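**Student:** Each chain, written out:
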Amino acid sequence: MPLFAAGISHKNAPLALREQLAADEGKVREILRDLVGGGVLREAVILSTCNRVEVYGVADVPGEARAVAFRHLCRQRGVEVTAVEEVLYTHAEDDAIRHAFRVASSLDSMMIGEPQILGQVKDAFALAQGCEAVGPALHTLFTQAFAVAKRVRTETEIARHAVSISFAAVELAKKIFARLAGRAVLLVGAGKMSELAAKHLVEHGAFPIYVVNRTWARAQEMARALSGTAVPFEELETALAAVDIVITSTGAPAPVVTRDVVARVVRSRGTRPLFFIDIAVPRDVEPGVDALPAVYRYDIDDLKSVVDANIRERLREAQRAEAIVEREVAKLRARLGDVEIIPTIVSLRERLEEIRAGEVRKALARLPAASPETRAAIEALSAGIVNKILHAPITKLRESSRAGAHRSWLAVVHELFGLGRRS
Amino acid sequence: MHPYLQNIAIIAYVCAMGLALAHLVQRQAYVHRLAVLATLVGWIAHTLALVVLAIEIGGPPLGTLPNAVSVVVWVVVLLEMLVERQSGVTVLGAFVLPVVVVLSLKSSVARPVTLALGNAWIWIHIALALVGIAAFVLNFAGAIMYLLHERQIRHKRPGRFYHRLPPLETLDRWTYRTLALGFPFLTTGLILGAVWARTAWGSVFAFDPLAFFSLVAWLIYAGTLAGRAAGGWHGRRAAYFAIVGFAALVVTLGAGLFLPGRHGA
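Sequences listed follow chains L and U, in order.
Just so it is clear: in the first sequence, position 105 is 104 by numbering that gives the first Met the number 0, and no numbers are missing.
Just so it is clear: in the second sequence, position 225 is 224 by numbering that gives the first Met the number 0, and no numbers are missing.
For reference, chain L alone in the conformation it holds in the complex (with noise of 0.2 angstroms):
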């Protein structure tokens, strides 16, 4: 049961051409029913997002079934089949299982870790299934990718620390407050950035939140759309002694917190600490500032530097993940190879039953007057050599079917026991 995987991903396609590529579910299913009814794939699943379009199948001629279905793909969306070719990669086997445990883990991602692809794969499969194109090899692969995935998720980290400016500023928060529910929050400036940290903040349960803005309309209109307090920018100060965390994000030419305002703030603060999110350019809060007691600071570059580190603590971690899969697809290469010698095994059992029960009855038929005890001797005896005969092949089968060679014996079985065609 030959396995591929073919398609074209953000790794080596434009965006024009998965754009131009990428079917919605009537398409998929349509193409599903053409394929696997007509006999070209015996499974298949067909996955379409904006980063990638792939065809997961099995074959009895891999390549032609490749060519096929992306002929049919490309005739259906109207692309150009020569434009597809020329990208089109193809993973046959062993190569064919680590893709997909890699796609599904998000290893293959734009941003490695992404959380969609999971949900994606999962989708494609649920639509595959209900269109009758998966069989038993693809249910292995794919119901084994999602567990792959879900390990990957927990032993892992790459999908855990922020790679967003904004994610990044809630993730710096949560270093230096034991809990962000219950943090007042203050919003200097109503830009789109400092309002998305905002609303991450606000999920984690940070309140109340207190919006200052130069224009008393645009602060209400922040502070209604946030459920928060607009406070008129005179009182400013005020608001800052109150609040935990700040974003500011104004398009003031100077600071608009200086270090004389935070060092007399923090006095009346205490020990609580205060942590800056300052997302504009130019800056709204004094660099100073960092060196007032419990005063962090975190202008846009900062956080950009996060991002990068986190990034590279994602492909730090994303290492240990290949590892995990190299592990996966050993182990699902020998369930496979399994379900594909068992029906073999099945067939050369009971062919050699059907030639034994044959020839007792025919010795049986010779000797009318044996005892029960003769009788029971020749079944045993009977037993015994086919037992002993089948033990050297089945045990090769098992054997080659680990290492991954078990096709060619496969054959030389249904060779030599006359087995006919194997299925």
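Worth double-checking, as some hints may not be accurate.
[Unchecked claim] Keeping only pairs whose Cα atoms sit at most 20 angstroms apart, straight-line, the calculated SDA-like set for lysine to any residue is:
hint	chain 1	residue 1	chain 2	residue 2
1	U	Lys155	L	Ile310
2	L	Lys387	L	Val338
3	U	Lys155	L	Pro281
4	L	Lys173	U	Ser86
5	L	Lys149	U	Lys155
6	L	Lys303	U	Val51
7	L	Lys303	U	Tyr161
8	U	Lys155	L	Lys26
9	L	Lys303	U	Gly158
10	U	Lys155	L	Pro135
11	L	Lys121	L	Ser163
12	U	Lys155	L	Arg311
13	L	Lys173	U	Arg163
14	L	Lys26	L	Leu16
15	L	Lys191	L	Ala177
16	L	Lys121	L	Gly134
17	L	Lys173	U	His154
18	U	Lys155	U	Arg235
Since the hints were made in silico from the structure, they are not lab data.
On a predicted model such as this, the values are computed, not experimentally measured, just so you know.
Please arrange chain U on chain L, whose structure you already have, making use of the hints.
**Tutor:** Coordinates of chain U only, in the frame set by chain L:
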């Protein structure tokens, strides 16, 4: 039997320390599991060693300073395992175990001299002081973690431990709580010791180095506690004082173990 078990415990603690430090840098889950296992093995061997010792000498193994330090280590390891399990801060071992190893080695090379022990008061004095010291070991570990983490956040350089340490506030609270826990024990322990010294030796200090240095350590901790409770100290300053206080405590124990005086040699 006791030295044999004691050595197993020390070797296991050294292994656990190595693994815990490796976990801090590498962060492989299985390294952490091994570290926890080694700690547990060490602690069990340590427990047996103390039980055997108690049977041999026919009383609690607090009669000599090295033995008493060994009991401190035993309490610290127990607390470390419990807190780590409770809080899920898997890096705690990396900060506590080095202290454990240093104390274990120190107590194992010191000359075993029996103290001139008198009545029950002296046992209470020892027991209270030991619980106090155990709390200050955890206080010290928390302070080190706080300073490392604070440095990374303040300087905006996410280093190796950036993703591994608990939030600053948690660590700060941690050092405060361990200080608040250890201080009353140490205080009561010292007062009992002083009262007893006065009745037995006729003088509160009686030229004993351990008594002198423990007073220094007590003053540092008292100052820190006062600063935290009344002066609004926190964070870095509190952490620095925790480290200085612990250094004084280590000198105290060192003096007791190696210098001539009424507590040891």
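**Student:** Work down the list of hints and note, for each, if the structure agrees.
**Tutor:** Do the hints match the structure? See the list:
For the hint linking Lys155 (chain U) to Ile310 (chain L), the alpha-carbon distance of about 16 angstroms falls within 20 angstroms, and the restraint holds. The straight-line distance between the Cα atoms of Lys387 (chain L) and Val338 (chain L) is roughly 24 angstroms, outside the 20 angstroms bound, and the hint therefore fails. For a cut-off of 20 angstroms, the pair hint linking Lys155 (chain U) to Pro281 (chain L) stands: about 19 angstroms separates their Cα positions. A threshold of 20 angstroms between alpha carbons decides the hint, and for Lys173 (chain L) with Ser86 (chain U) the separation of about 16 angstroms falls inside it, so the pair holds.
The hinted pair formed by Lys149 (chain L) and Lys155 (chain U) fails the criterion: a straight-line CA distance of about 32 angstroms is larger than 20 angstroms. Our distance criterion of 20 angstroms between C-alpha atoms is broken by Lys303 (chain L) and Val51 (chain U), whose separation comes to about 59 angstroms. For the given pair, Lys303 (chain L) sits about 15 angstroms from Tyr161 (chain U) by alpha-carbon distance, which is consistent with the 20 angstroms threshold. Restraint check for Lys155 (chain U) and Lys26 (chain L): not satisfied, since their Cα atoms lie roughly 50 angstroms apart, outside the 20 angstroms limit.
For the suggested pair Lys303 (chain L) and Gly158 (chain U), the alpha carbons sit about 15 angstroms apart, so the restraint of at most 20 angstroms is met. Under the criterion of a C-alpha separation no larger than 20 angstroms, the hint pairing Lys155 (chain U) with Pro135 (chain L) is inconsistent with the structure, at around 52 angstroms. Taking the CA atoms of Lys121 (chain L) and Ser163 (chain L), the gap is near 26 angstroms; set against the 20 angstroms cutoff, the hint is violated. Among the hinted pairs, Lys155 (chain U) with Arg311 (chain L) is consistent with the structure: their alpha-carbon atoms are about 16 angstroms apart, no more than 20 angstroms.
This hinted pair checks out: Lys173 (chain L) and Arg163 (chain U) have alpha carbons roughly 12 angstroms apart, not beyond 20 angstroms. Under the criterion of a C-alpha separation no larger than 20 angstroms, the hint pairing Lys26 (chain L) with Leu16 (chain L) is consistent with the structure, at around 17 angstroms. For the given pair, Lys191 (chain L) sits about 27 angstroms from Ala177 (chain L) by alpha-carbon distance, which is inconsistent with the 20 angstroms threshold. Distance check on the hinted pair: Lys121 (chain L) and Gly134 (chain L) sit about 16 angstroms apart at the alpha-carbon level, within 20 angstroms; holds.
Straight-line distance between C-alpha atoms of Lys173 (chain L) and His154 (chain U) comes to about 17 angstroms, which keeps the hinted pair within the 20 angstroms bound. Between Lys155 (chain U) and Arg235 (chain U), the direct Cα distance comes to roughly 16 angstroms. Compliance with the 20 angstroms bound is thereby established for this hinted pair.
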